[in-house]
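A.B. asks: Each chain is listed here by its residues.
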Amino acid sequence: MTTVAAKPVTMAQAFGRALRDAMAADPSVHVLGEDVGTLGGVFRVTDGLAKEFGDARCTDTPLAEAGILGTAVGMAMYGLRPVVEMQFDAFAYPGFEQLISHVAKMRNRTRGAMPMPLTVRVPYGGGIGGVEHHSDSSEAYYMATPGLHVVTPATVADAYGLMRAAIASDDPVVILEPKRLYWSKDSWNPEHPTDVEPIGRAVVRRPGSSATLITYGPSVPVCMEAAEAARAEGWDLEVVDLRSLVPFDDETVSASVRRTGRAVVVHESGGFGGPGGEIAARVTERCFHHLEAPVLRVAGFDIPYPPPMLERHHLPGVDRILDAVARLQWEAGS
Amino acid sequence: MTVMEQRDAYRPTPPPAWQPRTDPAPLLPDAEPFRVLGTDAAAKADARLLRRLYAEVVRGRRYNAQATALTKQGRLAVYPSSTGQEACEVAAALVLEERDWLFPSYRDTLAAVARGLDPVQALTLLRGDWHTGYDPREHRVAPLCTPLATQLPHAVGLAHAARLKGDDVVALAMVGDGGTSEGDFHEALNFAAVWQAPVVFLVQNNGFAISVPLDKQTAAPSLAHKAVGYGMPGRLVDGNDAAAVHEVLAEAVRHAREGGGPTLVEAITYRMEAHTNADDATRYRVDAEVDAWRDHDPILLLERELTERGLLDEEGIRAVRDDAEKMAADLRERMNQDPVLDPMDLFRDVYAEQTTQLREQAAQLRAELDAEADGTDR
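If you read the sequences in order, they're chains A and B. Those letters in the first sequence? Residues 1 to 334, by our numbering. Those letters in the second sequence? Residues 335 to 712, by our numbering.
If you are wondering where the hints come from, they were derived from the structure by calculation, not from laboratory data. Any given hint could be a false lead.
[Claimed, not checked] Straight-line alpha carbon distances no greater than 20 Å define the calculated EDC-like cross-link-like pairs of lysine to aspartate or glutamate that follow:
id : chain 1 : residue 1 : chain 2 : residue 2
1  : A       : K7        : A       : D186
2  : B       : K499      : A       : D60
3  : B       : K550      : B       : E516
4  : B       : K499      : B       : E642
5  : B       : K499      : A       : D186
6  : B       : K660      : B       : E649
7  : B       : K406      : B       : D664
8  : B       : K378      : B       : D664
9  : A       : K51       : A       : D21
10 : B       : K499      : A       : E52
11 : A       : K185      : A       : E225
12 : B       : K499      : A       : D55
Isolated chain B, as found in the complex:
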């Protein structure tokens, strides 16, 4: 029984004005996630792109490892690792043109870095020295968003505004599987579809929302299926296959840029580490499951493909690893320097112009700081 037949079954005599708006069939995702690496489709993949993806994914893995190490040294307040999800992070960054916008969640530091942000600036939030360490307009990367899914309507509004201004801009918004349960996810997708806004929603389904597995999160056949209810296409992709994620996102970006409206992409991947360094993943999942995903590692998949096609040898692998090592060493060195903070900045940028009340409070803090410096504080 098709969806349309089901509707007829419980609504036998619709009023005349009631018409199904579209045939949902073309919007439905394929049953199997789209794959490129290890399939016949790989032969058609651009060699230069594959090499680029490989280098970025390896760098990303090293970045994740370095950032996690920095939490252990107390240099980062917290780090939600995207180890295992690097293919999604990197593809999301590489698929965008310079004028496009990326809307990352708190786990997507790597996507911001792959888009060209200074790694230290991208870690500002997680380091704890301020909330956003960069000018979002400079790289067209929205602030890393901590509340779940609330950045999605921002992406819709920005893309809508750009189109109103006649600019050829696409927004790509990232969210996790847990975030798809939030009201803002629903409202953002609905607005995007109604407005036909040039937005691509990328759901990284990494299996768990902290500890809650997907089957307790949704009863939908897949998260990509949710698209059909909003009237946009849903696409399912192997989230560990960097070439596949890139291709699906590139197609969605092209579709949006050409005025076709939004797409919901679900990338099926796996979070190899705990939710953050503060979480204990052994309480909610077993090692065998994690191990099974190791055979489907994004680096492994790319390395196998590139090696088999003769596009990568031992020397090439070493060169990529050396480059990643340099990035990590530089990150380590710069993160080991204490940030210089000015407490008076607390009162800056609350309002364009400080209110009388904030001026009084700033004076109070100034006096406290002066007393501290003079050693006269009580």
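With the rest of the complex left out, here is chain A:
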């Protein structure tokens, strides 16, 4: 076996490599979506797949999200494993009826007779200067739909591992691809992709003792940066990367918060009705007697996604996270 040394690889390349390897390993894996073929996707994630596997395996579809998801349902019914691309977060909405009424429910409706081994790729989140409808954080909609798995990687290795796991899963998986991390690089050896634990496991990215930052996807690097900055303030922050929003890893999260006694949930999606509310409630239910302060949320504002020139004020940054950490020195009544 030839060994290839680890070299810098972008997250987009790792996603693409995962698709390629999955297609090579299993002829039933089909990629479809708008622009995924000849163009290689607007983010080039599917670059080269049509050339290598033919346009019957990597198909440019008509521009219609319900049609893409709906035909993928039929393909899965016939034993294929479709991987569909929604191109941009807010473009997925026309396909929601297919996703919610059929993709998520088909196994349950048919009492297990008709599983849906379907992967839905959703490039999501802001920070790339996209105009409106190109930067939504739509994870709460997916999380609220029983029957779907929802995963979101933050590292190059996880991008590969979670994509392979999603495609291998016999259930539908929504893989939220953080757009602004597409070009983040990491030394990574594609010949020896890091094994990723099964979908549903969080990971401690940085151990710490004074508080836990619970986060995922595009906010993970921001939290890592905040944890470094907090050292100057005398805070030793632990960072938990959820990786999977559904199923939720209560065990890893609770263990961390019990150790540190304090927690802040960080995400760029709006706070009201957002993932942070669910996470904070779960942590409180499980760790109440270990908590020294309320579980805080640092989230995007509860506004429609702002125009690009203002998005930096909306996205949770290091300062806003550090402000929340400071508020963790909480005393009752203060």
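Fit chain B to the given chain A structure using the hints.
C.D. replies: Frame of chain A, contents of chain B only:
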């Protein structure tokens, strides 16, 4: 003025790349719906097929009546009757080979039964004890679909997948006139035509989408006309003429199987009952209209044809009715037995492997059930 001339009229200097892809004329449906029964074409119809259609349509009518009666007895949560539309239901089932797939809507229980499904299993959704009572792969019948037109892209995807695998499979998808207004109808037809997928779309135009009549649903000359915009043939057929529906669908299935791509078939029929047992049809239509359709009943048309050709006599009619009666009695008896449900099934088959969260919730329900059984619940 032809369609092409009209295009020129508002686009006098198309850019060089712009070319009309096909002459739409061969795709357009005939002005009059295709008919067999009562016409010269009937003489060429296969006698055995006509007898089979007759027996199935009579059984179907009895099935509809029995299912409607079961709603009144509280044995079915709801039943959307296809009384009056049996010719479409039966033809859709009979035209398919065993390896083909049927994609029914919620009103098409009868098509599923005519395809060979156990009537009780086919009623599982409407009975309310679970969503789908059968393994779709066993009979190649997709789950009865409640959202409108969303099963159509499934049919396209399945047919496309089958062709990619080299299988000689056709999918037939059923939808109502109201469903043709949905986005999924448009997207499914467009995908099917672009991919040349072996699919047949059968629109049962029964006059009303619950209470809304066709002229408030579409401004198209006919629903079959919609086909031309997608680049597939549209066919118009008398939906109460079982022989005609069978022939048009058989031709469309053959066309699809031979690689000719999809066809949109509009069958013009009439819903003799209300939308479901919960609906009051007298609020939106008059008795005279319903009565006019009685003279064009699918059973009547077949009976007249078969009798005139000497293929059916009083005894034959009685035999068919007796057979339908037996089916109804069996259905009645089995539906009168209470289904046995296990509440713990709520947590089964949400995911291939239960999540921690669902395991915890299942334990909670188990404890509640145990307490209930012990009489210790509060």
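A.B. asks: All hints are to be evaluated individually against the structure, with a verdict given for each.
C.D. replies: Cross-check of the supplied hints:
| no. | hint | result |
| --- | --- | --- |
| 1 | K7/A <-> D186/A | 8 Å, holds |
| 2 | K499/B <-> D60/A | 19 Å, holds |
| 3 | K550/B <-> E516/B | 14 Å, holds |
| 4 | K499/B <-> E642/B | 47 Å, violated |
| 5 | K499/B <-> D186/A | 39 Å, violated |
| 6 | K660/B <-> E649/B | 16 Å, holds |
| 7 | K406/B <-> D664/B | 18 Å, holds |
| 8 | K378/B <-> D664/B | 36 Å, violated |
| 9 | K51/A <-> D21/A | 14 Å, holds |
| 10 | K499/B <-> E52/A | 18 Å, holds |
| 11 | K185/A <-> E225/A | 16 Å, holds |
| 12 | K499/B <-> D55/A | 14 Å, holds |
Hints 4, 5, 8 from the list above are not met by this structure, while the remaining hints are.
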